[in-house]
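Enquirer: Each chain, written out:
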Amino acid sequence: MSALLAKTLKSSTLKRALIFIAVFGAIVVVLFSFVHGSTVSYVRSRTDEMIMSEVVILKGAYARGGRDALIGVIAKRIDDEHFNDSVYLLADASFSPIAGNLATWPSGLRERNGLGDFSSEDQTRDAVNRRPMRASVDTLEDGTRLLVGKDIETLDQFVFSIRLALGLSISLLFVIAGAVSISVARRTVGRIESINAASRAIMQTGLDRRIPLRGTHDEWDELAGNLNSMLSRIEALMGEVKQFSDNVAHDLRTPLARMRGRLEKAWYDRQLDDKTVISDTIADLDDVLVMFSSLLRISQIEAHDQTAAFRAIDLGEIVREVVELFDAAAEENGVSLDANGDCGVMINGDRDLLFDALSNLVDNSIKHGRKGGRVSLAVTANDGGATVCVSDDGPGIPVEERQHVFKRFYRLEQSRATSGYGLGLSLVAAVARLHGATIEMLDKCPGLEFRLCFPKVVLSETRDTAE
Amino acid sequence: MTGGRRRILVIEDDRETADHLVDALTRSGYQVDFAADGNDGLRGASSLEYAVIVVDRMLPGIDGLTIIRKLRENNIMTPALIVSALGEVDDRVRGLRAGGDDYLVKPFAFAELLARVEALARRSDTVAKDTVLRVGDLELDLVARTARRSGREIELLPREFQVLEYLVRNQGQVVPRAMLLQHVWDLHFDPTTNIIDVYLGRVRRKVDGQQAYPLIHTVRGVGYCVRAAR
Numbered sequence: 001m002s003a004l005l006a007k008t009l010k011s012s013t014l015k016r017a018l019i020f021i022a023v024f025g026a027i028v029v030v031l032f033s034f035v036h037g038s039t040v041s042y043v044r045s046r047t048d049e050m051i052m053s054e055v056v057i058l059k060g061a062y063a064r065g066g067r068d069a070l071i072g073v074i075a076k077r078i079d080d081e082h083f084n085d086s087v088y089l090l091a092d093a094s095f096s097p098i099a100g101n102l103a104t105w106p107s108g109l110r111e112r113n114g115l116g117d118f119s120s121e122d123q124t125r126d127a128v129n130r131r132p133m134r135a136s137v138d139t140l141e142d143g144t145r146l147l148v149g150k151d152i153e154t155l156d157q158f159v160f161s162i163r164l165a166l167g168l169s170i171s172l173l174f175v176i177a178g179a180v181s182i183s184v185a186r187r188t189v190g191r192i193e194s195i196n197a198a199s200r201a202i203m204q205t206g207l208d209r210r211i212p213l214r215g216t217h218d219e220w221d222e223l224a225g226n227l228n229s230m231l232s233r234i235e236a237l238m239g240e241v242k243q244f245s246d247n248v249a250h251d252l253r254t255p256l257a258r259m260r261g262r263l264e265k266a267w268y269d270r271q272l273d274d275k276t277v278i279s280d281t282i283a284d285l286d287d288v289l290v291m292f293s294s295l296l297r298i299s300q301i302e303a304h305d306q307t308a309a310f311r312a313i314d315l316g317e318i319v320r321e322v323v324e325l326f327d328a329a330a331e332e333n334g335v336s337l338d339a340n341g342d343c344g345v346m347i348n349g350d351r352d353l354l355f356d357a358l359s360n361l362v363d364n365s366i367k368h369g370r371k372g373g374r375v376s377l378a379v380t381a382n383d384g385g386a387t388v389c390v391s392d393d394g395p396g397i398p399v400e401e402r403q404h405v406f407k408r409f410y411r412l413e414q415s416r417a418t419s420g421y422g423l424g425l426s427l428v429a430a431v432a433r434l435h436g437a438t439i440e441m442l443d444k445c446p447g448l449e450f451r452l453c454f455p456k457v458v459l460s461e462t463r464d465t466a467e
Numbered sequence: 468m469t470g471g472r473r474r475i476l477v478i479e480d481d482r483e484t485a486d487h488l489v490d491a492l493t494r495s496g497y498q499v500d501f502a503a504d505g506n507d508g509l510r511g512a513s514s515l516e517y518a519v520i521v522v523d524r525m526l527p528g529i530d531g532l533t534i535i536r537k538l539r540e541n542n543i544m545t546p547a548l549i550v551s552a553l554g555e556v557d558d559r560v561r562g563l564r565a566g567g568d569d570y571l572v573k574p575f576a577f578a579e580l581l582a583r584v585e586a587l588a589r590r591s592d593t594v595a596k597d598t599v600l601r602v603g604d605l606e607l608d609l610v611a612r613t614a615r616r617s618g619r620e621i622e623l624l625p626r627e628f629q630v631l632e633y634l635v636r637n638q639g640q641v642v643p644r645a646m647l648l649q650h651v652w653d654l655h656f657d658p659t660t661n662i663i664d665v666y667l668g669r670v671r672r673k674v675d676g677q678q679a680y681p682l683i684h685t686v687r688g689v690g691y692c693v694r695a696a697r
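These protein sequence lines are chains W and L, in that order. Counting in my numbering, the first sequence runs from 1 upward without gaps. Counting in my numbering, the second sequence runs from 468 upward without gaps.
Rather than coming from a laboratory, the hints here were simulated on the basis of the structure. You may find that some hints are simply not true.
Stated by the list, open to error - Incomplete in silico selection of chain L near chain W, CB under 8 Å:
(1) Asp-657
(2) Tyr-666
(3) Arg-669
(4) Arg-687
Treat the numbers as computed from the prediction; the structure is a model and nothing was measured. For every residue, glycine included, the Cβ atom is placed at its ideal position computed from N, Cα and C.
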């Protein structure tokens, strides 16, 4: 758990969150100081206005009725409980009190007229109670001095509570934001860590393990799901590669063992000056090399995008040429070979590869079809695409075997005896995939039909030109 | 086909392959120079006139394709045969685009290399504008597109005639299967089926059937050769 915390503290999510908290925090602090400053100055100016209007009223009384009227108003004010937060003091030129509810003239306010702060010692109660005051001082016409003040303790309390509220909310904001970002970062790090842990386990133990899903259907589950399907794909590919290398090893061993045996025999047999040993060995070697070049060819077609070399070609023409080329082979096997269908069926493609693929299909049909049977090729144009069918009237391929026949080195039990390495249909599949064509196998009862469907294409500008 | 000895430059870094090539080409009547790396090869190919350059694709110094490209930039059009252990389709195209003239994938039968070298060497000779080709008692009329043996006409399909014509034009030389496929069908790959053999089998039955001696000979693992009886 402490490891998780350490990772959380180092995580990029948390770092980013903290940067955002700092930026937003700074903005909030500036905003709050502005609110605080303007509130305080507003409240102060309201107090000053109230003091000044009192001064105006008192001065008015003085102007109308002289000192006695003023003293009367002051006395009335002192008795009125609406004015119990106010102080009044009328004093002579030497600051001796004449009337009012202050015992002495505050020492800080003797120098000049105008507004000022002082603190009173409230002697109306038993305890000495110092209170902050704000007061205006004026010198009247007869030299007496008038002090009108207000208790500003409530104001200070107000300012204090504003500060407290702002301070508390800022602190709370930081605490909550910090806690939230740590928990979010921790959750993120936790999910990533569980995926990481699963990945490490998979790297150490094998591809059969999977990343556990939480069933929350959130983006993390989606990520884990995608990684899992990637793992399944890799596992399947690894299986294929293993199967594939087993097959290569097997199909290589057989001719290599034959060659070794033959050479060994030639070595021990001193009188042997027959060249057939050597020529047989070369023929076997050539077979192996043909197998290798077929394999390389298939992987090259699969690995490299060769669509750049595509030209507009006539499928009908290729089919006719293939039929013409295989005419001799068909004749030899007593098979009747014919081509029918449309001419001028144009698609975008690679002539060499399509020729090779169709040759393989026809070769298969002639070899594995019925002796003395019939093999037909048909080309049809449809909706801008094209279909090529190669059908025979032989035993066909069992349904359960059909998904396997395109695998490299896969050979049907019934065709083990015939020559070949089981690479022909892999080549057909690779060429079809390159051309975006689909391959179907249909039962003809009796016989089998391979159907290659080429998709609708926009033809290349250039026509295939003979070199 | 050629008057005197002809010079060939072999640029190959693998000592054993190089020795084998030089030996065999010398025995076939060529005068062979040899360079073990790309820079020497390029210097040699630029300074002397050769009939054919046989160049390995991967070489220390400059690689084979670059050598050919540089030669072509300097207007040296000596035909080149690129020999490579790399795969076929894509590399072949790239090799030919660089200005090389033919391509052979390792390992190869020497007879195939020789056939290709000779085809390239002949390319610089003037092509005879014959209208009739003859070998032994076989006569090909290139205008009428008919073939006769001992005066009797052989019925051939147009493509079969083309195959026979190509073989007769190269009489005495081994013609590899891939070269036949290239020149007669304009297909540029080694077929994965034995179809050429089956096709040639029928041509042979038509040409050599019930005749005093055979003209079309199979060269095992390589291809075919048309030769009159000696």
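Enquirer: All hints, please: hold or fail.
Expert: For each hint, the structure was consulted:
Proximity of Asp-657(L) to chain W holds as hinted, the smallest CB-CB distance being about 6 Å (cut-off 8 Å). Checking Tyr-666(L) against chain W by beta carbon gives a least distance of about 5 Å; that is within 8 Å, so the hint holds. A cut of 8 Å between beta carbons decides the hint on Arg-669(L): the least distance to chain W is about 4 Å, and the hint holds. The criterion of a C-beta within 8 Å of any C-beta in chain W is met by Arg-687(L), whose closest approach is roughly 6 Å, and the hint holds.
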